[in-house]
Amino acid sequence: RKEVEQDPGPFNVPEGATVAFNCTYSNSASQSFFWYRQDCRKEPKLLMSVYSSGNEDGRFTAQLNRASQYISLLIRDSKLSDSATYLCVVNRGGGGADGLTFGKGTHLIIQP
Amino acid sequence: EPEVTQTPSHQVTQMGQEVILRCVPISNHLYFYWYRQILGQKVEFLVSFYNNEISEKSEIFDDQFSVERPDGSNFTLKIRSTKLEDSAMYFCASSEPYREAFFGQGTRLTVV
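Going down the list, the sequences are from chains A and B. So for the first sequence, the numbering used here puts the first residue at 4; every next one is plus one. So for the second sequence, the numbering used here puts the first residue at 745; every next one is plus one.
Here chain B stands alone, though its shape is the one from the complex:
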């Protein structure tokens, strides 16, 4: 069964450092997403990406965040200067148009 894969599974970084979270969406999907979940809280939408550009972003997705599809398979989320409050589980997801999203297993980001 096709699945979304994410690397690394856990990333520890110092405050102020840049991190890049990587995702390989399901191959025939065209819509890609990043979500995050702070421990004990609900899953929150960050950004959606289609046709090599951002189609929607939330208020959480400020100038510190960026996304990129550097090649035909990878989809990345970059946080330029991490803050303590960026510590969370980050989920990548992909979907076909108007269809359900499938999530990767997540990257746990810990900012110290």
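Next comes chain A alone, as it looks inside the complex:
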């Protein structure tokens, strides 16, 4: 099983729609979970951290299911500027200096 697995897409979604991404991870010892977005040839930028209780930031909602080792991201009322690759990122577990494991990313295209 791959360490962090995502549907690569692309997801073609009309502006204003709601879109959901899923991610699974294999390391049950993982402690920290994040969604990053990456624009073409740019650095990954933190979108939001993911907590067990679920968390929301404006139009974005993230959920974590530790039992199923599953992370989700929901984007409501999508904007053209949401077009990007969304990276599911998991800490390998253990101390704070552990490297992050990235999924390959899900490519989102918002269409006018």
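Heads up, some of the hints might be wrong.
[As the list claims (entries may be wrong)] Calculated lysine-lysine pairs in the BS3-like style (CA-CA distance at most 30 Å, straight line):
id	chain 1	residue 1	chain 2	residue 2
1	B	827	B	801
2	B	822	A	107
3	B	786	B	801
4	B	827	A	107
What the hints contain is simulated information worked out from the structure, not anything from laboratory work.
Please build the complex by placing chain B on the supplied structure of chain A, with the hints as guidance.
Showing chain B alone in chain A's frame:
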């Protein structure tokens, strides 16, 4: 807003040459990282650095690679004898303990 800065933005080097990629992490962060992304592929962890020593490294980070914090602000990645397959975008990142990592804008390394 504090940010991670990297220089140069693009480096072209001949195979077999040494390169040094430079990074200035966010000033109050204690954990530093190097990642790389080969064009079209996922972001891959190379090494993490804490308290003036390597805390973890991946299988990619072989004897050709080294890291150093030569002073209180810079963090460098050296590749001793570059190969064609070292061509990639190299991202520096920094974080506080158990917190999200913030990435620099990257150095695009092209080995010819």
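Quick rundown of the hints versus the structure:
About 19 Å separates the Cα atoms of residue 827 of chain B and residue 801 of chain B, which keeps this hinted pair within 30 Å; it holds. As the CA atoms of residue 822 of chain B and residue 107 of chain A are separated by approximately 26 Å, the hinted pair is consistent with the 30 Å bound. The hinted pair formed by residue 786 of chain B and residue 801 of chain B meets the criterion: a straight-line CA distance of about 17 Å does not exceed 30 Å. Using a Cα cut-off of 30 Å, the hinted pair residue 827 of chain B and residue 107 of chain A holds, with the two alpha carbons roughly 24 Å apart.
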